[in-house]
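Chemist: Respectively, the protein sequence lines represent chains R and U. If you're matching positions, the first sequence starts at 1 in this note's numbering and goes up one per residue. If you're matching positions, the second sequence starts at 1 in this note's numbering and goes up one per residue.
Read the hints as simulated data drawn from the structure, not as lab findings. Among the hints, a few may not be true.
To be verified - In silico DSS-like pairs for lysine-lysine, Cα to Cα no more than 27 Å straight-line:
| # | chain 1 | residue 1 | chain 2 | residue 2 |
| --- | --- | --- | --- | --- |
| 1 | U | K370 | U | K134 |
| 2 | U | K31 | U | K97 |
| 3 | U | K59 | U | K73 |
| 4 | U | K54 | U | K191 |
| 5 | U | K134 | U | K97 |
| 6 | R | K26 | U | K31 |
| 7 | U | K40 | R | K75 |
| 8 | U | K54 | U | K370 |
| 9 | R | K10 | U | K31 |
| 10 | R | K9 | U | K31 |
| 11 | R | K26 | R | K9 |
| 12 | U | K198 | U | K370 |
| 13 | U | K31 | U | K59 |
| 14 | R | K75 | U | K134 |
| 15 | R | K106 | U | K59 |
| 16 | R | K75 | U | K31 |
| 17 | U | K370 | R | K75 |
| 18 | U | K73 | U | K54 |
| 19 | U | K352 | R | K67 |
| 20 | U | K73 | R | K26 |
| 21 | U | K97 | R | K67 |
| 22 | U | K73 | U | K352 |
| 23 | U | K191 | U | K59 |
| 24 | R | K106 | U | K40 |
| 25 | U | K97 | R | K10 |
| 26 | R | K9 | U | K97 |
| 27 | U | K134 | R | K10 |
| 28 | R | K106 | U | K31 |
| 29 | U | K370 | U | K288 |
Unchecked claim - Covered by chain U, per the in silico footprint, the following chain R stretches (three or more residues, Cβ under 8 Å):
| # | segment |
| --- | --- |
| 30 | 7-13 |
| 31 | 22-29 |
| 32 | 32-40 |
| 33 | 47-61 |
| 34 | 88-98 |
Just so it is clear, CB atoms sit at the ideal spot from N, CA and C, and this is done for glycine as well.
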Amino acid sequence: MAEQIRLQKKARGERPQYFADPAIDKTLAITLALAGEVAVLRDRIDTIERLAEAGVAPTRAAVDAYKPDATVRAKRDAWRETYLDTVLRIIHQEREELEQGAADTKPYAAVIEEVTADA
Amino acid sequence: MTATQDLTTQFRHGILPETTADEFARQEFVKSLKFHLASKVSLGNQDAFEARAKPAFAKATGAEPQTYSDIRKAMSEDPYFRFWSAMQRNSQEMMWKSVQIPVERQLPDLIAAAGSAVEAAGTLRLNPDLEIPKYHRGVDIHCMPGGYHTEFTADDVANGAVYDTAVYIYAMGRMGPLNSDIGDTTIAWIKENHPDFKPRRILDMGCTVGHSTLGYCDAFPEAEVYAIDVGAPVLRYAHARAQSMGKTVHFSQQNAEATDFEDSFFDLIVSHILVHETSNAAMRRIMKECNRLLTPGGLVVHAETPPYRDLPAYDAFMLDWDTRNNNEPYWGASHELVASEIAGETGFDPDKAFEAYQPSAFEAAERRTKVFQGGDFGGGGAWWLWGVQK
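With the rest of the complex left out, here is chain R:
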């Protein structure tokens, strides 16, 4: 086998740092990559199920060679959309709160005081 040609991994240029601790930048990058790999596995399971339903033995070769048609791709797009809603829950929560206006949110301690005083 010929020697593997390696492509450049990092784009030239200073990478922006988005968080106070660079470890958070790295952790987010790893988390998103893992979310991607879960989606890859999920598509693989979906392929195995579809092959089995069609009466085809879901061998590694059959799974690797499987090409989803437009209908299957649309179903997988819809699944990933729901999946991302779930994975990015904390972001969507913040957005919902911002949409409602951050000013409406009382400090939690004030709420405790309010219900406690409400004898």
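Here the structure of chain R is known, so what remains is to put chain U in place on it, guided by the hints.
Modeler: For chain U alone, kept in the frame of chain R given last:
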């Protein structure tokens, strides 16, 4: 347009990299992530701006943010904006990774396929001595490792293959199966506004893999089509791609600032998302070169996203994201260009300059956000065209 059966997936021309099921799934995830960020997460930035960044800026400075750079200052430390930016940047890096995996795996096969491309009438002329302009050497534009020009092995086509697949993901398929929307849209504008125009020779500057170039072969079948780029790997790939699709294009490795074509060689010169990847000095030299290359009555048309002055300040701020977050150092300044000013500075008649909007030629309405914003390329549903008639 080349006939394609399925408008929801990339057209399989002769040199498109193959993907295993897992490689394809990884690319599809990146496409979904980008769409999710553009359609559901990005919108929250405006809520964060209204709910906290704008009042905080007003409190600190005594005035509400007016310009897009005011808004950038107001938003720079906002936690929602920073987190979205971090995710957006990651989606870009994940995109490149997802396309590099299959290209790296099958690179020798791709190089062999490019070398044995069936000789149609098209040509390829490379210049190993060409100096790569410093605006391509400084940073790798839009974070593509190695840019358009880096060669990882002899006769390399890697970054042509990487770019071709990545653009489909980047635009989330909304530039069509051939990634040709910018070219097709520019062609539609030319046909609508210059119905009797019959160019004999056409030049596409900064053609990369020929996404926008090939449409000109069909739109102007009587014309000779030429295309230039500074990057050898993208040109080798472009040539093989065009040959496999039966399109006759003369590709050559040249810098658009100074080409080796004779004076008045072209009737039509076009570029598609070239200008923002140059520099203030270079784009003026390119326009002077266009002036030299055009016949009287000839036309130069550049396609880009809208200038900031045409957008509400908040939208301009969001479109400007790429300048600082996606290795697009000239993105911001290029969005301030005024066609008539540049025309006047480069020997053209400023009165013959134009700026126009043309709706996207490719119909993908259901996946378009209709917003021009960072990380949502091709989502606006229109392209901004500017140029001048000589």
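Chemist: Each of the hints needs a verdict: does it hold here or not?
Modeler: Hint check results:
{"no.": "1", "hint": "K370/U x K134/U", "verdict": "violated, 34 Å"}
{"no.": "2", "hint": "K31/U x K97/U", "verdict": "holds, 13 Å"}
{"no.": "3", "hint": "K59/U x K73/U", "verdict": "holds, 13 Å"}
{"no.": "4", "hint": "K54/U x K191/U", "verdict": "violated, 45 Å"}
{"no.": "5", "hint": "K134/U x K97/U", "verdict": "holds, 25 Å"}
{"no.": "6", "hint": "K26/R x K31/U", "verdict": "holds, 21 Å"}
{"no.": "7", "hint": "K40/U x K75/R", "verdict": "holds, 19 Å"}
{"no.": "8", "hint": "K54/U x K370/U", "verdict": "holds, 24 Å"}
{"no.": "9", "hint": "K10/R x K31/U", "verdict": "holds, 20 Å"}
{"no.": "10", "hint": "K9/R x K31/U", "verdict": "holds, 20 Å"}
{"no.": "11", "hint": "K26/R x K9/R", "verdict": "holds, 15 Å"}
{"no.": "12", "hint": "K198/U x K370/U", "verdict": "violated, 33 Å"}
{"no.": "13", "hint": "K31/U x K59/U", "verdict": "violated, 40 Å"}
{"no.": "14", "hint": "K75/R x K134/U", "verdict": "violated, 45 Å"}
{"no.": "15", "hint": "K106/R x K59/U", "verdict": "holds, 21 Å"}
{"no.": "16", "hint": "K75/R x K31/U", "verdict": "holds, 14 Å"}
{"no.": "17", "hint": "K370/U x K75/R", "verdict": "holds, 24 Å"}
{"no.": "18", "hint": "K73/U x K54/U", "verdict": "holds, 10 Å"}
{"no.": "19", "hint": "K352/U x K67/R", "verdict": "violated, 51 Å"}
{"no.": "20", "hint": "K73/U x K26/R", "verdict": "holds, 25 Å"}
{"no.": "21", "hint": "K97/U x K67/R", "verdict": "holds, 21 Å"}
{"no.": "22", "hint": "K73/U x K352/U", "verdict": "violated, 38 Å"}
{"no.": "23", "hint": "K191/U x K59/U", "verdict": "violated, 52 Å"}
{"no.": "24", "hint": "K106/R x K40/U", "verdict": "holds, 26 Å"}
{"no.": "25", "hint": "K97/U x K10/R", "verdict": "holds, 10 Å"}
{"no.": "26", "hint": "K9/R x K97/U", "verdict": "holds, 8 Å"}
{"no.": "27", "hint": "K134/U x K10/R", "verdict": "holds, 19 Å"}
{"no.": "28", "hint": "K106/R x K31/U", "verdict": "violated, 38 Å"}
{"no.": "29", "hint": "K370/U x K288/U", "verdict": "violated, 34 Å"}
{"no.": "30", "hint": "7-13", "verdict": "holds (count 7)"}
{"no.": "31", "hint": "22-29", "verdict": "holds (count 3)"}
{"no.": "32", "hint": "32-40", "verdict": "holds (count 7)"}
{"no.": "33", "hint": "47-61", "verdict": "violated (count 1)"}
{"no.": "34", "hint": "88-98", "verdict": "holds (count 6)"}
Hint compliance for this structure: hints 1, 4, 12, 13, 14, 19, 22, 23, 28, 29 and 33 are broken, all remaining hints hold.
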